[in-house]
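S.K.: Protein chains in written order, with the numbering used here: chain R, 71 to 597; chain L, 71 to 597.
The hints are simulated quantities; they were obtained by calculation from the structure and are not laboratory data. Careful: at least some of the hints might be erroneous.
One copy or two, it doesn't matter: identical chains are merged, so the pair holds either way.
As the list claims (entries may be wrong) - Taking lysine to aspartate or glutamate pairs in the EDC-like style, the calculated list, with each CA pair at most 20 Å apart, reads: (1) Lys298 x Glu490; (2) Lys577 x Asp514; (3) Lys513 x Glu438; (4) Lys203 x Asp299; (5) Lys520 x Glu438; (6) Lys520 x Asp441; (7) Lys513 x Asp583; (8) Lys439 x Glu73; (9) Lys250 x Glu215; (10) Lys85 x Asp129; (11) Lys439 x Asp469; (12) Lys96 x Asp129; (13) Lys203 x Glu215; (14) Lys513 x Glu94; (15) Lys582 x Glu490; (16) Lys480 x Asp596; (17) Lys302 x Glu212; (18) Lys96 x Asp586; (19) Lys163 x Glu516; (20) Lys480 x Asp534; (21) Lys573 x Glu94.
Protein chains: 2
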Amino acid sequence: MIEWKNLDTLDAYKKLSGLKDEVELKSVMAGANGAKRVAEYSVPMSNGMAYNFAAKQVDDQVLDVLSELAEEAQLSDKFKALYNGEVINTGEKRLVLHQLTRGQLGDDVTADGVNKREFYVRQQERIAAFADKVHAGEIVNEAGEKFTSVVQIGIGGSDLGPRAMYLALENWAKVNNTFKMEAHFISNVDPDDAAAVLSGVDVAHSIFILVSKSGTTLETLTNESFVKDALKKQGLDASKHMIAVTSETSPLAKSSDYLDAFFMDDYIGGRYSSTSSVGGAVLSLAFGPDIFARFLQGAAAEDQLAKNTDIKKNPAMMDALIGVYERNVLGFGTTAVLPYSQGLSRFPAHLQQMDMESNGKSVNRFGEKVDYVTGPVIFGEPGTNGQHSFYQLLHQGTDIIPLQFVGFKKSQMATDVVIENSTSQQKLCANVVAQIMAFACGKDDENANKYFAGNRPSSIIVGDQLTPETLGALLAHFENKVMFQGFLWNVNSFDQEGVQLGKVLAKKVLAKDMEDALLAYANLLDI
Amino acid sequence: MIEWKNLDTLDAYKKLSGLKDEVELKSVMAGANGAKRVAEYSVPMSNGMAYNFAAKQVDDQVLDVLSELAEEAQLSDKFKALYNGEVINTGEKRLVLHQLTRGQLGDDVTADGVNKREFYVRQQERIAAFADKVHAGEIVNEAGEKFTSVVQIGIGGSDLGPRAMYLALENWAKVNNTFKMEAHFISNVDPDDAAAVLSGVDVAHSIFILVSKSGTTLETLTNESFVKDALKKQGLDASKHMIAVTSETSPLAKSSDYLDAFFMDDYIGGRYSSTSSVGGAVLSLAFGPDIFARFLQGAAAEDQLAKNTDIKKNPAMMDALIGVYERNVLGFGTTAVLPYSQGLSRFPAHLQQMDMESNGKSVNRFGEKVDYVTGPVIFGEPGTNGQHSFYQLLHQGTDIIPLQFVGFKKSQMATDVVIENSTSQQKLCANVVAQIMAFACGKDDENANKYFAGNRPSSIIVGDQLTPETLGALLAHFENKVMFQGFLWNVNSFDQEGVQLGKVLAKKVLAKDMEDALLAYANLLDI
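Isolated chain R (complex conformation):
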C-alpha cells in the first residue's frame, strides 16, 4: 500500500536532519581513506558507466539513513506504480509513461484502449520506415530531389531535449559514418530565431518537423506559419516539406498539411519526450533509425537499474537521495552540471528544464503547501570552459554549490594532438579529476586570497565514450533521479501549472485588454 507523505513527516528524514556537518571532505578525501572512498562510493550504471559519489558529504552512517529514507518513502514501490500504469500525474490525471517508450519495465499498460508499449513501438517503426525512405530518396521534395536537412519546430521539451541529444551525437555520427542529414531547430517566438535559421538552411531541400502535442502551442504554430511563408516565397508546397509529431487527437494528426504525422500522447511530458516520437523523428532523420534505437537501448538498460531497491545498486536513487540531503539538510540551493565533453554543450540546458520544471513546486501532490524547499536551480556549461568562467565563485564564493561532473575516457572524434606529452583528451580528463579534488580538499595558504576552503561536494558520472547508448543512459539517469526526488518531496513532477499565468496575461496584452501597470509596461515596449 503506497502512502504519499510529505518529506518532513518521515522518521528517516527527521533522523537525517540530525546528521549535519558529519563529513569534512577535506579530511575524509585525504590520504588512503580518500582512495578507499573513490573505490567504494561508486554505483555501477549501465553501458559501462558509473556514478561515483566519493566527494559527496556522506559517510556510511548517512548512507544508512538515506537507505532507510528510500524505504520509508517507498521509492521503489512508487516507481513500480508509475511504470505499471498508475495515475502518477494526479494534477492532470494522467499516467506517466516515458520509460515505456524504450522498454517494458513491468506489466502491460493499457490506456485509451491500446497497449501503450505497442503504440510507442509502432510509432518508432513508422518513423524508422519514413526516415529510411527519406535517406533512400524514396520520399523526396517537390523537384524529386533528396532532402538534405531537417528542421525541428518546437519549444520547451520539443526543443531542448532533442537539440541536446542531436548535438551530443552529431560529431560522433560524422566520424562513425552514420550521419544522414543536418538538423536545425526553431523554437523562440522571437522572429529573429526563425529568420536566422531559415537564412542558413537550404529550404528547398529541408524537411520540417512540427512538434506540438496539443497542436495549439502559440510559439510553434507561429513559427510554422513563418516556415510556410518561407516555403511559399520559394514557390514550394509546404505540405510536401512538413511532417507533424503530435497526439492522435490533435488537429494536426489527420491534416493534409503534412506529409505524415507521428504520434505521442498525454502520458509523455514534453521534458521527458526525447525518447518518444518527439526525439525519434529528428534523430532518426539525422542519424538513421538504428542510432535512435541504440539510444533507446541505452536508456532502457539504465531504467532497469532504477528498479533496484538497494540504493547501492541504484545510481539514480542514490543521486536523488544525496541531492535531497544536500538541498534540505545541508541547505544548498543550486546545483551545477558540468560535463567534460563538448558534445554535451546543451545537456545542462535540457537538465535545467527537466529538473526545474518537474520539481520547482511549492505544493504537494494533494495541492497542499509544503514546509520545506523543493527543486534547486540547475545550471552548467561544459568543462574546461567553465573553469575559465564561473568556477571562481564555485571555489571561493560565499555559497556552496554542489557539482555534478560527467567525464568520458575517450573523445568522440578521435582527432587529437600531443602537447607537453599529453593529448587534449588526457588534459580534459586530468582537469576534471583535478577539479574534484580541488573542490573537496581545498588548499591552505597564508594569503587568504589564495586560500581554498574546500569541502565543496561533487559527484562524477564516468563513461568510456559518449555514444548513443551512454547518452541514452545518461538521459535516463537524470530523468529517474528527478522522478525519485519528486517522490521524496511528495510533489507532482509531471505537471507545470506555473507556466500558465504568463500565457494568460500575454494573451490579454495582445488583445489590448489591459490597464494600469500591465498597460504601462506594454507602452514601454510599444505593443
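Following the hints, complete the assembly by docking chain L onto the known chain R.
M.R.: Then chain L, alone, in the frame of chain R:
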C-alpha cells in the same frame, strides 16, 4: 579620501538591513499605483534605453537608504579612482582600464611609460587597417585568395564575451549589409571542440586569431597546435593564416609565427576584454571596423552615466544597489538573466563569467574573510524559450530568484508574420511584459496547484533594437553594475585566484605526480 570598508560596517547598510519585507509587490504593482511605479521607477540609459525597476521590492524609503549607502560606500569616488588610473586590482597590483578602451572618462592615464588611451586607440586603428585589408583582398591566403571566415582560439574571457557579441550582431549585420565574414570559436581543451569547428570551416580560407594575454594558457596553446596540424595537413603555412592578440611582453608578440599581432595589456581583465583588441579583432573582421567602433561608442555613452552621483541618474549603480539589497538583506542567492532577444542567446553565459568570476569571493580587498554573502549565481536563457523550461520553478518554486529581463521594441531581421492579429515581435514583447506582472502580482486560486504567490521581483532593460550601440551599452551597464557591487562588498572584482588550484592539480595529474584519491580518480578515467 577613499576608505575601503566592509559592507557590514556601513551605517547605511545597517539601516538597510532593518528594511525587510517593506514592499509587497502584489499590492504596490496593482492598480494605478503600479502604473505610477512603471513611470517613475526608471533610470534612463544611453542610446534610448532605460533600466526599469518598478517590479523590484523597493519603495522611496528603501531608495533613500540605497542612496545613502552609495554615498557612504563612496561608489562614485571609487569609480573615479579606477578610471583615473589607481591600482584598484590590489591583488595583482594592477590598474583597471577596460573603460578606457572605449573612451576617456577622466584624467590621462599613463602606465608602462605610455598614455593608455592612446595605446588602446592605436591598437583599434591597427586592427581596423588590418581588417580593411583583409576585406579588400589585400591580405590574402597563400593561394592569393580572400579569406572568407575567421576563427577565434581562446577560452574564458577570450571566448565568451566576443562570442556573445558576435552572435548578438551576426543577423543584424547580415540584414544591414555590413556582414563581412563568418566567425567561429574554439575554446574547450576537449579535442572534439576543435575537431568539430575545423570540420565545419573552409580551413584554406580561414584566418585564425590566437588570443592569450600571457601567451601561456594551456587550452589555447593546445588548440593552436590543433589548428596548425590541420593547416599543415592541407599543405598550408600556418604563419600565413594566423594573427595573435596578446600582451606586448608575451612570447607571441614578436613571433614570426603570425601574420601580425595586436595588443592588450594587464589592465584589461579577460572578462572585461570584449571592447579591447580581444573583441576588436574578431568583430572588426566579421562586421567591419565601423561596426566595432559603433559598439565602442555605445559602451562609452553608457560609461558616462555611471559617473553620475545621483543613483536615479545612474542605471548601473541603481541596479548594483538593488542587487546587493536582494542578496544581503532579502537573502536571494541566484539571479536569472532573461533576454527576450534571440541575438542575446549567449549573453547570459558571458554575464555568468563576468559576474561570478568578479564577485565570487570570500575575502575583502585586504585578504580578510568577510562575514556576509557576496556574488550570486547567474544563469539564464532567452525568452520565450525559458518560459517553456525553467520558469515553472521561478513562478512556483520554494526559492525566490530575482529576474533581470531585457527587451527590444523591434526585431533585428525585420522578417515577421502576422498570426492571430499580431506579429511574432509583438508576441515576444507581450510575453515579457506579461511575465513581469505574473511574477510580481501572482494569482489567487482555490486550487493551490494553480496558485501563484507573486512577490517575485524583476527589472527590465528596454531598448529600441539590438544594434552595435545598444549592445555596447548593455555590456557596459553590466560591467559597471558588477564593479559597483564589488565596491559595495569590498572585494577585489578584478582578480581570479580561485581558478589556480585546479590548474596546479591538473598539471600534477598529467605529470603522474599523484597518489591516493587523486590517483584513484585518474584511474577511473584511464589517465
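S.K.: Indicate, hint by hint, whether the structure satisfies it.
M.R.: Against the structure, the hints come out as follows:
For the homomeric pair lysine 298 and glutamate 490, the shortest alpha-carbon distance between copies (16 Å) is at most 20 Å, but the shortest distance inside one copy (54 Å) is not. Taking the closest pair of Cα atoms, lysine 577 and aspartate 514 come within 20 Å of each other only across two copies (19 Å); inside a single copy the shortest separation is 57 Å, beyond that limit. Taking CA atoms no more than 20 Å apart as the test, lysine 513 paired with glutamate 438 passes between copies only; the shortest distance there is 16 Å, against 46 Å inside one copy. Proximity of lysine 203 and aspartate 299 under a CA criterion of 20 Å is satisfied in neither setting, with 26 Å inside one chain copy and 40 Å between copies.
For the identical chains of this complex, lysine 520 and glutamate 438 are inter-copy neighbours only, at 11 Å across copies versus 47 Å inside a copy, given an alpha-carbon limit of 20 Å. For the identical chains of this complex, lysine 520 and aspartate 441 are inter-copy neighbours only, at 18 Å across copies versus 39 Å inside a copy, given an alpha-carbon limit of 20 Å. Taking CA atoms no more than 20 Å apart as the test, lysine 513 paired with aspartate 583 passes between copies only; the shortest distance there is 17 Å, against 60 Å inside one copy. Taking identical chains as interchangeable, the C-alpha atoms of lysine 439 and glutamate 73 lie at most 20 Å apart only when both belong to the same chain, with a minimum of 18 Å there against 47 Å between chains.
For the homomeric pair lysine 250 and glutamate 215, the shortest alpha-carbon distance inside one copy (15 Å) is at most 20 Å, but the shortest distance between copies (32 Å) is not. For the homomeric pair lysine 85 and aspartate 129, the shortest alpha-carbon distance inside one copy (14 Å) is at most 20 Å, but the shortest distance between copies (44 Å) is not. For the identical chains of this complex, lysine 439 and aspartate 469 are inter-copy neighbours only, at 13 Å across copies versus 27 Å inside a copy, given an alpha-carbon limit of 20 Å. Taking the closest pair of Cα atoms, lysine 96 and aspartate 129 come within 20 Å of each other only inside a single copy of the chain (13 Å); across copies the shortest separation is 45 Å, beyond that limit.
Proximity of lysine 203 and glutamate 215 under a CA criterion of 20 Å is satisfied intra-copy only: 13 Å inside one chain copy versus 41 Å between copies. In this assembly of identical chains, lysine 513 and glutamate 94 lie within 20 Å of each other by CA distance solely inside one copy; the values are 14 Å within and 44 Å between copies. For the identical chains of this complex, lysine 582 and glutamate 490 are inter-copy neighbours only, at 13 Å across copies versus 65 Å inside a copy, given an alpha-carbon limit of 20 Å. Taking the shortest Cα distances, lysine 480 and aspartate 596 sit within 20 Å of each other only across copies (9 Å), while inside one copy they are farther apart (52 Å).
Taking the shortest alpha-carbon separations for lysine 302 and glutamate 212, only the intra-copy value of 12 Å comes in at or below 20 Å, while the best inter-copy value is 43 Å. Taking identical chains as interchangeable, the C-alpha atoms of lysine 96 and aspartate 586 lie at most 20 Å apart only when they sit on different chains, with a minimum of 13 Å there against 56 Å within one chain. Taking CA atoms no more than 20 Å apart as the test, lysine 163 paired with glutamate 516 passes between copies only; the shortest distance there is 18 Å, against 60 Å inside one copy. When the C-alpha separation of lysine 480 and aspartate 534 is checked against a cutoff of 20 Å, the pair qualifies only within one copy, where the shortest distance is 6 Å, while the shortest distance between copies is 48 Å.
For the homomeric pair lysine 573 and glutamate 94, neither the shortest alpha-carbon distance inside one copy (47 Å) nor that between copies (23 Å) is at most 20 Å.
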